[in-house]
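> All chains, full assembly: derive it from the sequences and hints.
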Amino acid sequence: MTADVMDQTTGAGEEAAAAKIRAMRERINEIDQTIIDLWLERAGLSQEVGKTRMASGGTRLVLAREREIIEHFRNALGPDGTQVALLLLRSGRGPL
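So the sequence shown is numbered by UniProt numbering: it starts at 1 and just counts up by one.
Read the hints as simulated data drawn from the structure, not as lab findings. Wrong hints could be hidden among the right ones.
Beta-carbon label-pair distances, calculated as ranges [as the list claims (entries may be wrong)]:
1) 22 / 87: 26 to 32 angstroms
2) 17 / 71: 36 to 42 angstroms
3) 59 / 19: 53 to 59 angstroms
4) 11 / 72: 35 to 41 angstroms
5) 47 / 77: 21 to 27 angstroms
6) 8 / 52: 50 to 56 angstroms
7) 49 / 11: 43 to 49 angstroms
We put the CB at the ideal spot given by N, CA and C, even for glycine.
Pasting the structure below:
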């Protein structure tokens, strides 16, 4: 396979493979946008929960709830799930 035959954007050496890769990447981009949209929605909801809790005399954070979320993500995604959960929690509560 020579460089002039290889699709430079996909790394595929055949047009059929390059087309398939482009289609899969398009779907990945759609999924990524959905993840971003949901991430932002979740962060906003989490911030509202914190504000509502504090306005009613509660604490800013509920560590038991955070542990529950971390455990849920770890069970669903394995060790990387812990990191995903921690990032989600941080984006929703803001800096400590």
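> Taking the hints in turn, state whether each one holds.
Taking the hints in turn, this is what the structure says about them:
| no. | hint | in the structure |
| --- | --- | --- |
| 1 | 22 / 87: 26 to 32 angstroms | 29 angstroms, holds |
| 2 | 17 / 71: 36 to 42 angstroms | 41 angstroms, holds |
| 3 | 59 / 19: 53 to 59 angstroms | 54 angstroms, holds |
| 4 | 11 / 72: 35 to 41 angstroms | 37 angstroms, holds |
| 5 | 47 / 77: 21 to 27 angstroms | 24 angstroms, holds |
| 6 | 8 / 52: 50 to 56 angstroms | 52 angstroms, holds |
| 7 | 49 / 11: 43 to 49 angstroms | 45 angstroms, holds |
Comparing the model with each earlier hint shows no violations; every hint is respected.
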